[in-house]
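Peer 1: Following the hints, position chain P against chain S.
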Amino acid sequence: KNEVEQSPQNLTAQEGEFITINCSYSVGISALHWLQQHPGGGIVSLFMLSSGKKKHGRLIATINIQEKHSSLHITASHPRDSAVYICAVISNFGNEKLTFGTGTRLTIIP
Amino acid sequence: DSGVTQTPKHLITATGQRVTLRCSPRSGDLSVYWYQQSLDQGLQFLIQYYNGEERAKGNILERFSAQQFPDLHSELNLSSLELGDSALYFCASSVVGGPYNSPLHFGNGTRLTVT
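From first to last, the protein sequence lines stand for chains S and P. For the first sequence, this note's numbering gives the first residue as 21, with consecutive numbering after it. For the second sequence, this note's numbering gives the first residue as 10, with consecutive numbering after it.
Extracted from the complex, chain S is given alone in its bound form (with noise of 0.2 Å):
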């Protein structure tokens, strides 16, 4: 079993609609990381969190330290949001190295 997991692997919607991508962790964490990265390879930090709940835009990021689970909701999705969506943790505090889950391929119809 991988230490970050991530749900679904693959996720189809229609242009508009509210998304949720899923991360479920199995080890203790110091950070959480969210990246985006596009067809064309490049990768982009969108969050980083160790608590609570983090807002840009139309991306929202929550953490449940306790339950060991973060959640990326894109509200009001649109085409350009289509990409693959990481989620990667630090397991240890002082340890810096990040364990990264397989990612999570969004498709946006328009």
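Please note that the accuracy of each hint is not assured.
Unchecked claim - Covered by chain S, according to a simulated footprint, are these stretches of chain P (three or more residues, beta-carbon under 8 Å): (1) 77–89; (2) 113–119.
Stated by the list, open to error - With beta-carbon atoms standing in for the labels, derived distance ranges: (3) P/Asp10 x S/Arg78: 19 to 29 Å; (4) S/Glu37 x P/Glu63: 28 to 38 Å; (5) P/Thr22 x S/Asn84: 17 to 27 Å; (6) S/Glu23 x P/Arg120: 37 to 47 Å; (7) P/Glu84 x S/Glu37: 37 to 47 Å; (8) S/Arg78 x P/Gln76: 11 to 21 Å; (9) S/Glu25 x P/Leu70: 19 to 29 Å; (10) S/Thr127 x P/His82: 15 to 25 Å; (11) S/Glu87 x P/His82: 34 to 44 Å.
I should point out that these hints are in silico values taken from the structure, not numbers from a laboratory. Positions of the beta carbon are idealized from the N, C-alpha and C atoms, including for glycine.
Peer 2: The following block gives chain P in isolation, referenced to the frame of chain S:
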């Protein structure tokens, strides 16, 4: 634009050869991280440097080595290349010492193809 520059963008080479990938971090960032993304393994952390010193090591093969120079740019050296080394290699940088307290800024990657 993340401010992180990776060169070259593409590299095609033969098995047994040696290549060097280069990364210039965002201005002001002291940490540089190297990651490998292959089709079967996904993204994996290779190694991190902070202000010239090795800070953390991940799943980096003995055939691979890296260093960070006084001007903070970093190089990843891959030798005795095998077909399985074909992957996207990403460099990322951050201001402070670790991804537990600062966001990462990724370069666009170097796509290595070993034939």
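Peer 1: If a hint holds in the structure, say so; if it doesn't, say that too.
Peer 2: Now the hints, each set against the structure:
1. 77–89: violated (count 0)
2. 113–119: holds (count 5)
3. P/Asp10 x S/Arg78: 19 to 29 Å: For P/Asp10 and S/Arg78 the Cβ distance comes to about 21 Å; the hint holds.
4. S/Glu37 x P/Glu63: 28 to 38 Å: Cβ of S/Glu37 to Cβ of P/Glu63: about 45 Å, so the range 28 to 38 Å is violated.
5. P/Thr22 x S/Asn84: 17 to 27 Å: At roughly 46 Å between Cβ atoms, S/Asn84 and P/Thr22 fall outside 17 to 27 Å, so the hint is violated.
6. S/Glu23 x P/Arg120: 37 to 47 Å: Violated: the Cβ-Cβ distance is about 27 Å, outside 37 to 47 Å.
7. P/Glu84 x S/Glu37: 37 to 47 Å: holds, 44 Å
8. S/Arg78 x P/Gln76: 11 to 21 Å: Violated - the Cβ-Cβ distance for S/Arg78 and P/Gln76, about 41 Å, lies outside 11 to 21 Å.
9. S/Glu25 x P/Leu70: 19 to 29 Å: Since S/Glu25 and P/Leu70 have Cβ atoms about 26 Å apart, the given range 19 to 29 Å holds.
10. S/Thr127 x P/His82: 15 to 25 Å: violated, 37 Å
11. S/Glu87 x P/His82: 34 to 44 Å: Holds, since S/Glu87 and P/His82 (Cβ atoms, about 41 Å apart) stay within the stated range.
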